Every structure is written in C-alpha cells, then in structure tokens.
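Enquirer: Line by line, the protein sequences give chains A and B.
Residue numbers for the first sequence follow this note's numbering, beginning at 105 and rising by one.
Residue numbers for the second sequence follow this note's numbering, beginning at 178 and rising by one.
Rather than coming from a laboratory, the hints here were simulated on the basis of the structure.
Each hint should be verified, as a subset may be incorrect.
[As the list claims (entries may be wrong)] A few chain A residues facing chain B, derived, Cβ under 10 Å:
| # | residue |
| --- | --- |
| 1 | 138 |
| 2 | 406 |
| 3 | 447 |
| 4 | 462 |
| 5 | 484 |
[Stated by the list, open to error] Within a straight-line C-alpha distance of at most 20 Å, the following computed DMTMM-like cross-link-like pairs (lysine to aspartate or glutamate) qualify:
| # | chain 1 | residue 1 | chain 2 | residue 2 |
| --- | --- | --- | --- | --- |
| 6 | B | 218 | A | 403 |
| 7 | A | 365 | A | 403 |
| 8 | A | 491 | A | 366 |
| 9 | A | 480 | B | 223 |
| 10 | B | 191 | A | 441 |
| 11 | B | 218 | A | 438 |
| 12 | A | 480 | B | 217 |
| 13 | A | 437 | B | 211 |
| 14 | B | 218 | A | 483 |
| 15 | A | 194 | B | 201 |
| 16 | B | 203 | B | 223 |
| 17 | B | 270 | A | 425 |
| 18 | B | 270 | A | 435 |
| 19 | A | 185 | B | 252 |
| 20 | B | 270 | A | 441 |
| 21 | B | 191 | A | 425 |
| 22 | B | 261 | A | 435 |
| 23 | B | 270 | A | 438 |
| 24 | B | 218 | A | 366 |
| 25 | A | 185 | A | 337 |
| 26 | B | 203 | A | 449 |
| 27 | A | 185 | B | 185 |
[Said to hold, decoys possible] Which bits of chain B does chain A cover? Going by a derived footprint, with three or more residues having C-beta under 8 Å, they are:
| # | stretch |
| --- | --- |
| 28 | 193 to 203 |
| 29 | 213 to 225 |
| 30 | 239 to 249 |
| 31 | 255 to 262 |
| 32 | 265 to 272 |
Bear in mind the structure is a predicted one, so any value in this text is a computation, not a measurement.
Ideal placement from N, C-alpha and C gives every residue a C-beta, glycine not left out.
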Amino acid sequence: MSASELPALTIADLQSRLRRKEVSPREVIESLRARIENVEPKIDAYLSIDFDAALKEAETANVDLPLGGVPLAIKDIINVKGQPCTCGSKILANFRSPYDATVIQKLRAAGAIPLGKTNMDEFAMGSSTENSSVKVTRNPWDLSRVPGGSSGGSAAAVAADAAFGGLGTDTGGSIRQPASLSGLVGLKPSYGRVSRFGVTAFASSLDQVGPLTKTVRDSALIMNAMAGHDPLDSTSLPDPVPDYTKNLGRDLKGMRLGLPKEYMIEGIDPQVKSAVDAALKQLQSLGAEIVDVSLPHTDYGIAVYYFLATAEASANLARFDGVRYGYRAKDPKDLLDHYGRTRGEGFGQEVKRRIILGTYVLSSGYYDAYYVRAQKVRELIRQDFVKAFEKVDAIVSPTSPVPAFKLGERTADPLAMYLADIFTNTGNLAGICGISVPCGMAKVNGSQLPIGLQILGKALDEARIFQIAHAYEQSTNWHKARPKL
Amino acid sequence: MAKTSDLDVGYVSKLARLNLTGEETKLFQKQLAEVLKYAEKLGEVDVSHVETAAHAVPMFNVFREDEPRDWFTAEEALSNAPHKANQLFIVTKVVE
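Just chain A, with the same shape it has in the complex:
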C-alpha cells in the first residue's frame, strides 16, 4: 500500500499495520498531512491543526496501546492543551486551552494523538455548521451542501479521509445527524457515560461527547478508551465500562427492534423512507424481529428541547463576560456597557437568538408556563422510552428526515433548521444512547447523498446498539462508499 492510500484506512486497519510495523506513526501523520493539504481547500473542515505537536507525539507513540499512534480530529469545543478552542465563536477567537478535557486525557493515555480542531456551529448551536463564525464547511459528497451539524467539521474530515476518526458533541443530534448526512457512524453515548469536564457547556443536562468514524468497530474502540467515571464531572456515571467490541460479530437472532409509528411523519424524504424500509428488511433477514411501538409524546420533543436547551445555554453562556477569557469590548463606559457590548459584539446571531429565548423562558412570570412545563413533558418523553424498552431491545428510525440540504437553504428560517433534529433530540431528552449507521444513498440532481439509520438503546446499553449496528453494517456495503474529491 502506498502512503497516499493510508488515510482511507479504518482505525482498526491502521492499527494492524502499525503493529505489524508496515508503517510508522510518523508516516501516518505525514500521509494524513498530504491528504489534508489536498482536500481541505475544498471542504474547510479544520479550524486549526498542529502537525508539529502531532509529529513529536508520533516519535514516542506506543503502537501496542489500544489507540497507539492514531491521530484524531477534535471538535473545537473540547479543550486540548496548548491548542486553540474557539467553539466556532468570535468571542473565543484568541483562546488557547490551558488544560486537556478528561476525554483528551483518556484518549492520550490510550495512545491517540489529537491532531487538530474541527469547525462547528457556534457553541454547537445548529444543524448545518453554517453558524460557525469562522467559515463554512462543505459536505464531501456534494460541495454545494452542508455536512450536517453541529459537529460538521469532524464529520466532513472523516468522510473525506482527512481524519481516521473524530470527536463530536451531541446535544440534540449534533453527532448522529452529521454522521447521517456525511455517510459515517456517529454515536451519542448515554447521558453520563462520557465525562463532560473540559467540554464547553451548551446544555448541561443534554450534552454528550461521542465518536464519528468510518465503521462501528472504530466507534467501539474510541468508546473503550473514552467512556467511564470522572470525579471531575458530578453527572458522570460510576457504572463499569464493558468492552464495547465484545458483541461485535454476534448475530441478531431473537433481537426485538421497535419501530415507532410516530416517526412515520409527513416530510420524510421518499428516498430516506425506502432506504430505512430496506434496512428493516435486512435486519429481519439477520434474525431480528421488528415490533411496532408507540412513543406518544414524540411530537413535543422539538418544543421541549428548544425551551430546555436554550434555558441551560442562557445560564452557561453567562460565563462569557469579557473578564477571565475571550473577547472584550473596547473602552466600556461602565460595567453594563462592558457586558452588553462584549456579548453583543462577541456572539453570533443564532447564539444571541437562543440566549434571548432561554432568558425569556426562565424569566419571572414565564418560568412555570414554559420552563417547568417543558421539564414535565420531558419526563413524559423519558417514560415513553422506558415503556417501549419493556417490549423491545432497541428502537430503529431514520436519523434525519432528509439527506444533506443545500448551503443557505435553511439559514433564514430557524424553525426549519430546528426541525432537522426531529428524530434525534428525544434521545438526548431521555438520556438514552443512539447510533447512526449508513443505510443507503439518495440520488439528488446527479449527486449521491448518504442516508443514515438510527438505532436507539436503553441508557448504558451501548454494547447492544453496537452489536446491532455492526451486524447490519457488515451485511451491507454502504459503509464502504467514499466520496470522490
């Protein structure tokens, strides 16, 4: 294999070559650098890359470690010591992380090399990566379309073989939806499974870090290194972490998969619907049983999500006050002017819109009608899943109702953009885990656009959804398709 072919490898294949000493960690970084220099002008996935630091780490990499010598792309909301961490925002344009997030510490301990930081919707608020204050990332399958979001930079990088794997964060679908639109595997772990320490908070009761990868096995390998309890995150769960690769290769005989009737809404693209229908038949042929289930409060998910996520964001983003870090307005005449202008000049439009909505739903006189009511409906959504999981082992659905949409198509209409997360956000509200796996291609105006199948599992049941996703993936060829760039 020539060096130029290396970046197309999966993490698992790269590791076997590293361990057989067919390639050195240094050659891996060099070959990836060449690939990035070639495709990055077309896709604009990265915000910053530190090749020198990566080459230095490659010199001492121990390839026998679980992810030894594997470079990873990191969403620019996760702190990597010494690298910028802009969250896609002007307000953090000059910020450099003085420490590693816990997930980065754990990945380093497993031998991985954080290579660079990827583009995103500002503070993870968006579904297309168009809300980045820095630049627009393009979908490698069709450069006139979005890669999905908010973790669109990591998705585009991995889809274009400009990264072997990447990290994203998922608050309402921000890993699964870009995975679906970019033809990748994206996992949102159960709430509390992965530490949030060192990950800039958007909505603290919903945020989770997870992998974007070319295969299910690669996703499981990253989760093996990254999951687990962290004393520095009081919401991280103390439960032991299983070996997520242990169920890979097991068949689906006797597996019961629920199909929620509420997900068969109008507005699903016909090509998405037929791809998901074909995936269900495939799962049946692998031994799974498809069972009708009902999640009656599904239709309220987006409304609940936008009240709770914005309320939490309005509180979390209060820390950007121009004192300890970040942008600060010039020559304020008093403290109120300092705060008002620093934030007004530093934040982009979607962030401001959400701070206003979140502040409003928490304000005196509206708190009970909006925020408290949304929390109660959230509990009903959670109970829907608890009841469904009494009947089935996992739930299947489309990940996104549509394939990748055009750049600029939804930016003028925030509500249309919010509806992009219609099948994913309830998983965050309920705290359960979910994975998106490639299940087809839509043909739109001569372009091939990936379609994703979502598999939702009970809280802490990642090993099972990995098993289902892997069995499906290995019985199809969708994961082998690569965009031509």
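Fit chain B to the supplied structure of chain A, relying on the hints for placement.
Expert: Then chain B, alone, in the frame of chain A:
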C-alpha cells in the same frame, strides 16, 4: 401557557446583558414569536400528575474527597485574560 405576544426582545436583552442592534431586535421578535407559536402545543399536554425532571438520569449526593491537586498556576489561569496586570484580572470599574 403565556401568550406569545408577551415576548419583548428589547427588555429580555437587558436581562441577558446582551446588546442587540435594532435590526436584530426586530428580526428576533418575529422569529421567536414563530418558535413560541410552534411551542404552544406543549399547552395541550396533561402534566398535572408529572414530577418535574431536571435530568434524565437523576443522581444525588455526588461527592469526592476535598483534596488539593495540581492545577493552574496564576500565570496559566491568566493566560487568556483580555486585560491583566500584576497577576490580577483587570475589570471595568464597578463602584465610583
């Protein structure tokens, strides 16, 4: 549910310490009115018997040992400060 016309973006922006331009105020007023109208459907749900859920996975009394550990030096803590002097953050004057 409160009426969606109650939202006064100009007033809320003051609560949020977030200056908006006149154009942004007008745009958000219209867009958020649409979002609030969409969310009116939450009023249909009977929540009289439901406990409030702040988290999907409730955890209580989470403690760790209160022990000193290596963390930032003053220099590192100040490394991103927009305005600093003498190992201190310099803030805008609060009292006259």
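Enquirer: It remains to establish, for every hint, whether it holds in the given structure.
Expert: Quick rundown of the hints versus the structure:
1. 138: Where the cut-off is 10 Å and the nearest Cβ of chain B is about 33 Å from residue 138 (chain A), the hint is violated.
2. 406: holds, 8 Å
3. 447: holds, 5 Å
4. 462: holds, 8 Å
5. 484: holds, 6 Å
6. B:218 / A:403: holds, 9 Å
7. A:365 / A:403: holds, 11 Å
8. A:491 / A:366: Since the Cα atoms of residue 491 (chain A) and residue 366 (chain A) sit roughly 15 Å apart, the hinted pair holds (cutoff 20 Å).
9. A:480 / B:223: holds, 9 Å
10. B:191 / A:441: holds, 11 Å
11. B:218 / A:438: violated, 42 Å
12. A:480 / B:217: holds, 15 Å
13. A:437 / B:211: Between residue 437 (chain A) and residue 211 (chain B) the Cα gap is close to 36 Å, so the pair fails against 20 Å, i.e. violated.
14. B:218 / A:483: holds, 16 Å
15. A:194 / B:201: This hinted pair holds, its Cα atoms lying about 18 Å apart.
16. B:203 / B:223: violated, 34 Å
17. B:270 / A:425: With a Cα-Cα distance of about 14 Å, the restraint between residue 270 (chain B) and residue 425 (chain A) holds, given a limit of 20 Å.
18. B:270 / A:435: holds, 11 Å
19. A:185 / B:252: Given that 20 Å is the threshold and the Cα spacing comes to 15 Å, the pair holds.
20. B:270 / A:441: Distance of about 11 Å is within 20 Å: holds.
21. B:191 / A:425: holds, 14 Å
22. B:261 / A:435: It holds: about 15 Å lies between the C-alpha atoms, which stays within 20 Å.
23. B:270 / A:438: holds, 7 Å
24. B:218 / A:366: Roughly 16 Å separates the two Cα atoms, so the pair holds.
25. A:185 / A:337: holds, 18 Å
26. B:203 / A:449: holds, 17 Å
27. A:185 / B:185: violated, 42 Å
28. 193 to 203: With 7 residues in contact (Cβ-Cβ under 8 Å with chain A), the coverage given for the stretch 193 to 203 of chain B holds.
29. 213 to 225: holds (count 7)
30. 239 to 249: That given contact holds, which follows from 3 residues of the stretch 239 to 249 of chain B lying within Cβ reach (below 8 Å) of chain A.
31. 255 to 262: Answer holds; 5 residues pass the 8 Å Cβ test.
32. 265 to 272: n = 5 at 8 Å, threshold three: holds.
Violated hints, in rising order: 1, 11, 13, 16 and 27; the structure is consistent with all others.
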